[in-house]
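Visitor: Could you slot chain B onto chain A? The hints should help.
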Amino acid sequence: NAGVTQTPKFQVLKTGQSMTLQCAQDMNHEYMSWYRQDPGMGLRLIHYSVGAGITDQGEVPNGYNVSRSTTEDFPLRLLSAAPSQTSVYFCASSRDNSYEQYFGPGTRLTVT
Amino acid sequence: GENVEQHPSTLSVQEGDSAVIKCTYSDSASNYFPWYKQELGKRPQLIIDIRSNVGEKKDQRIAVTLNKTAKHFSLHITETQPEDSAVYFCAARTTSGTYKYIFGTGTRLKVLA
Chain A
150 NAGVTQTPKF QVLKTGQSMT LQCAQDMNHE YMSWYRQDPG MGLRLIHYSV GAGITDQGEV
210 PNGYNVSRST TEDFPLRLLS AAPSQTSVYF CASSRDNSYE QYFGPGTRLT VT
Chain B
23 GENVEQHPST LSVQEGDSAV IKCTYSDSAS NYFPWYKQEL GKRPQLIIDI RSNVGEKKDQ
83 RIAVTLNKTA KHFSLHITET QPEDSAVYFC AARTTSGTYK YIFGTGTRLK VLA
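Protein chains in written order, with the numbering used here: chain A, 150 to 261; chain B, 23 to 135.
Bound-form chain A, shown alone:
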C-alpha cells in the first residue's frame, strides 16, 4: 500500500490564482480530512468527509472547497488564493472502526 499520498509537495501561487491540492489513499478508508498547519496554531481542520458523497466543514473552511466522488480521493480546492492561505497542508484518513488517522506527507503552499 502507498498509504496516503499528496501532490504537489511544494507550490507557489500568486494572489487570486486557483489550484487543487490532491489527496489519495489506497486503504479503503471511509474518513478523510484536510488540515492546515501554521506555526503555533497546531493542526486546524479545514474540511472532512465520512464517506463518498459526504463532506462537512471543519474549524477553518473559508476559502476552500472539497468534494468526495470516490472513496480514494479527496481534493482540496483554493478558488482564489490569498496570502493568509500560505501554510502546510496535510491530508489524513482513517477507518471507521479503528479510528487511527494516517497522514500524508504534506503540501507546502506559498501565496505571494
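Calculated directly from the structure, the hints in this document are not laboratory data. It cannot be assumed that every hint is accurate.
[Unchecked claim] Below 25 Å or equal to it, Euclidean Cα-Cα: the simulated SDA-like pairs (lysine to any residue) are:
#  : chain 1 : residue 1 : chain 2 : residue 2
1  : B       : Lys59     : A       : Tyr248
2  : B       : Lys59     : A       : Thr156
3  : B       : Lys59     : A       : Asn246
4  : B       : Lys59     : A       : Leu258
5  : B       : Lys59     : A       : Gln171
6  : B       : Lys64     : A       : Arg257
7  : B       : Lys44     : A       : Leu258
8  : B       : Lys64     : A       : Tyr248
9  : B       : Lys64     : A       : Asp175
10 : B       : Lys93     : B       : Lys64
11 : B       : Lys80     : B       : Ala51
12 : B       : Lys59     : A       : Val237
13 : B       : Lys80     : A       : Tyr251
14 : B       : Lys90     : A       : Gln234
15 : B       : Lys64     : A       : Met176
16 : B       : Lys64     : A       : Arg226
17 : B       : Lys64     : A       : Pro157
18 : B       : Lys93     : A       : Glu249
19 : B       : Lys44     : A       : Arg226
[Said to hold, decoys possible] Here are some, though not all, of the chain B residues that point toward chain A, as calculated from beta-carbon distances under 8 Å:
#  : residue
20 : Pro56
21 : Pro104
22 : Glu105
23 : Thr127
[What the hints assert, rightly or not] Computed beta-carbon distance windows for the label pairs:
#  : chain 1 : residue 1 : chain 2 : residue 2 : range
24 : B       : Glu27     : A       : Arg226    : 25 to 33 Å
25 : A       : Ser247    : B       : Ala51     : 12 to 20 Å
26 : A       : Ile203    : B       : Lys93     : 24 to 32 Å
27 : A       : Thr169    : B       : Ala92     : 36 to 44 Å
28 : B       : Gly63     : A       : Gln171    : 18 to 26 Å
29 : A       : Pro210    : B       : Leu68     : 19 to 27 Å
30 : B       : Asp39     : A       : Gly202    : 48 to 56 Å
31 : A       : Pro188    : B       : Gln103    : 40 to 48 Å
A virtual CB, placed ideally from N, CA and C, is assigned to each residue, including glycine.
Guide: Coordinates of chain B only, in the frame set by chain A:
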C-alpha cells in the same frame, strides 16, 4: 464548537527526566484520544492512543492517562532521550454530529543532553 487545549506550549527537560503534556477537551461525547509526534519537516506520526473506555495505556517509555470526568488526558514520557525532542500534538475524536478529529496547538519538547 469543539475545542482541545494543550499545555505547555514548550517544555525543556534534562535527558533521563520525565516529561508530561496535558490536554483538555470540550466535547464530553469524545471517544478517542491520540497523541502524535512531529519532527521538523515531517508528517505527524501516531505514538500512542487511548479510547474512552480505558483509563490508562502504556507502551514502553510512553503512557497516556484519561480522566473522563474532568475531560483531561495526559502524555507521560519517562527516561527522556535526545531523540524524543519534537513537537507533540494531542487530539480528540468528537462525535457530536458526524465525527471529526480536533487537535491541540502542540508542545515543543526539548530534551537537553
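Visitor: Holds or violated: is the Cβ of Pro104 of chain B closer than 8 Å to a Cβ in chain A?
Guide: violated (23 Å)
Visitor: Taking 12 to 20 Å as the hint, is the beta-carbon distance of Ser247 of chain A and Ala51 of chain B inside that range?
Guide: For Ala51 of chain B against Ser247 of chain A, whose Cβ atoms are near 19 Å apart, the range 12 to 20 Å holds.
Visitor: Can you let me know if the beta-carbon spacing of Glu27 of chain B and Arg226 of chain A is within 25 to 33 Å?
Guide: Between Glu27 of chain B and Arg226 of chain A, where Cβ atoms are some 31 Å apart, the hint holds.
Visitor: Lys64 of chain B and Arg226 of chain A were given as a pair; does the straight-line alpha-carbon distance stay at or below 25 Å?
Guide: This hinted pair holds, its Cα atoms lying about 23 Å apart.
Visitor: Can you confirm whether the C-alpha distance between Lys64 of chain B and Met176 of chain A stays at or below 25 Å?
Guide: Measuring from Cα to Cα gives roughly 21 Å; hence the hint holds.
Visitor: Measure nothing beyond the straight line between the CA atoms of Lys64 of chain B and Asp175 of chain A; if it is 25 Å or shorter, mark the hint as holding.
Guide: holds (21 Å)
Visitor: Taking 25 Å as the top limit, are the C-alpha atoms of Lys59 of chain B and Tyr248 of chain A close enough?
Guide: holds (17 Å)
Visitor: Run the distance test for Lys59 of chain B versus Gln171 of chain A: straight-line Cα separation, threshold 25 Å.
Guide: holds (24 Å)
Visitor: Hinted pair, alpha-carbon criterion (25 Å max): Lys64 of chain B, Tyr248 of chain A. Please report holds or violated.
Guide: holds (21 Å)
Visitor: Falls inside 48 to 56 Å, the C-beta gap from Asp39 of chain B to Gly202 of chain A?
Guide: Holds, at about 50 Å.
Visitor: Looking only at beta-carbon atoms, does the pair Thr169 of chain A, Ala92 of chain B fall within the given range of 36 to 44 Å?
Guide: Given range 36 to 44 Å: holds, Cβ gap about 43 Å.
Visitor: Check the hint pairing Lys59 of chain B with Val237 of chain A against an upper bound of 25 Å on the C-alpha distance.
Guide: holds (16 Å)
In this structure, the earlier hints numbered 7, 10, 14, 19, 21, 22, 31 are contradicted, and the remaining ones agree with it.
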